[in-house]
Amino acid sequence: MGPPALAMTGRNTSKVKRCNKNVTNSSPLTVHSSLNNETDFSRFTSHFSPFQNPAFTMAEVLITLGIIGIVAAMTLPSLIANHRRQVMLTKVKQTYTILNNALERAKVDYDTEVNNWYIPDESSTLEKSMFFAETYMIPYLEVLHYCKDKISAPYCNLNSKNLTDTGNIEPMYPVSSQYGTSFVLKNGTIVYVRVGAMTQTEIDLGGISRIWVIFDIDGSQGYNRYGYDVFRIELGGAEGPAKRNNANRNKFLPYGYDTNKNCDYYVSEINHACNKAVSYPGSYCLAYIVCNGWDFGDKYPW
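Be aware that the sequence shown starts at 1, since it is given in UniProt numbering, and climbs by one per residue.
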């Protein structure tokens with residue numbers, strides 16, 4: 001009698017032969033024929049049969065692409081517009097900072113505040129504007145072109161449109177005895193400087209009265225439109241016209257800017273507001289932006 005283990009092996013061998021009579025190759029690399037039936041696998045498992053149908057038909061692919069195209073057509077214009085606005089905002093803030101930094105450097109050189117700077121009071125508006133630009137601004141800026149008292153170059157005599165894009169709010173860079181002068185910064189911004197009385201009432205009262213700047217961030221290109229690429233600043237902000245020579249003029253602030261006003265004031269129903277329904281619309285748009293922490297807020301009139 002042989003060993004029990006050997007006897008057991010013999011019996012098991014015969015059983016294995018009976019159970020595997022359908023197997024044609026006993027190699028460990030052989031796949032059982034039952035595994036070659038694609039119906040044994042769910043299409044939702046990770047083990048797909050090579051005979052499985054494609055996941056998407058051509059019609060399904062075309063429908064999907066069509067949906068993607070519709071969504072892109074709906075969202076891309078908004079994304080592009082938002083990008084352009086952010087680019088605009090960045091350059092507006094850059095120019096605003098550049099101009100105020102020039103004032104700070106001039107204050108250091110002259111060792112006095114802006115209110116104490118000398119400006120020839122009896123000169124014409126152009127002469128006063130040229131004096132201020134040549135003495136307190138241009139030496140502290142990177143300037144490509146300076147118009148001085150000439151109007152031959154296109155950047156010396158441009159007009160700007162108001163917020164509604166329906167007409168000229170006023171001549172923007174007209175170099176003449178009645179207005180101011182202008183120059184072009186290295187970043188392409190045109191800067192118009194005007195020093196003196198702005199209204200007949202101010203002229204009658206005498207004095208320098210006001211010093212303000214209009215700048216166009218893309219020069220003769222673009223909209224040439226208030227609130228879009230044209231913005232106005234003034235020494236002292238709202239104090240300029242309100243307090244005249246007694247205003248605190250140590251910094252350029254947005255035209256009409258008043259720290260005592262809330263942001264909605266600049267888009268309200270008042271002249272010069274950042275509101276298309278008022279007279280002279282767009283002058284206060286920068287004030288609204290600055291009031292909102294250098295943001296367009298939720299009421300900007302695009």
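Rather than coming from a laboratory, the hints here were simulated on the basis of the structure.
Among the hints, a few may not be true.
No more than 25 Å apart at the CA atoms, straight line, and that leaves these computed lysine to any residue pairs for SDA-like [unchecked claim]:
| hint | residue 1 | residue 2 |
| --- | --- | --- |
| 1 | Lys161 | Lys107 |
| 2 | Lys148 | Glu134 |
| 3 | Lys91 | Trp294 |
| 4 | Lys251 | Pro154 |
| 5 | Lys161 | Asp121 |
| 6 | Lys276 | Lys251 |
| 7 | Lys107 | Tyr146 |
| 8 | Lys186 | Lys276 |
| 9 | Lys251 | Thr97 |
Hint by hint, here is what the structure shows:
Taking the CA atoms of lysine 161 and lysine 107, the gap is about 34 Å. The hint is violated against a cut of 25 Å. Simply put, lysine 148 and glutamate 134 have alpha-carbon atoms about 9 Å apart, close enough for the 25 Å limit, and the pair holds. At most 25 Å may separate the alpha-carbon atoms for a hinted pair to count; lysine 91 and tryptophan 294 meet this at roughly 12 Å. A hinted pair counts as satisfied when its Cα atoms are at most 25 Å apart, and lysine 251 with proline 154 does not qualify at roughly 29 Å.
A C-alpha spacing of about 31 Å is found between lysine 161 and aspartate 121, which places the hinted pair above 25 Å, so the restraint is violated. The suggested pairing of lysine 276 with lysine 251 is violated, with an alpha-carbon distance near 28 Å, which exceeds 25 Å. Note on lysine 107 and tyrosine 146: the hinted pairing holds, with a Cα-Cα distance of about 22 Å set against a maximum of 25 Å. For the hint pairing lysine 186 with lysine 276, the CA-to-CA distance comes to about 32 Å; that exceeds 25 Å, so the pair is violated.
At most 25 Å may separate the alpha-carbon atoms for a hinted pair to count; lysine 251 and threonine 97 meet this at roughly 10 Å.
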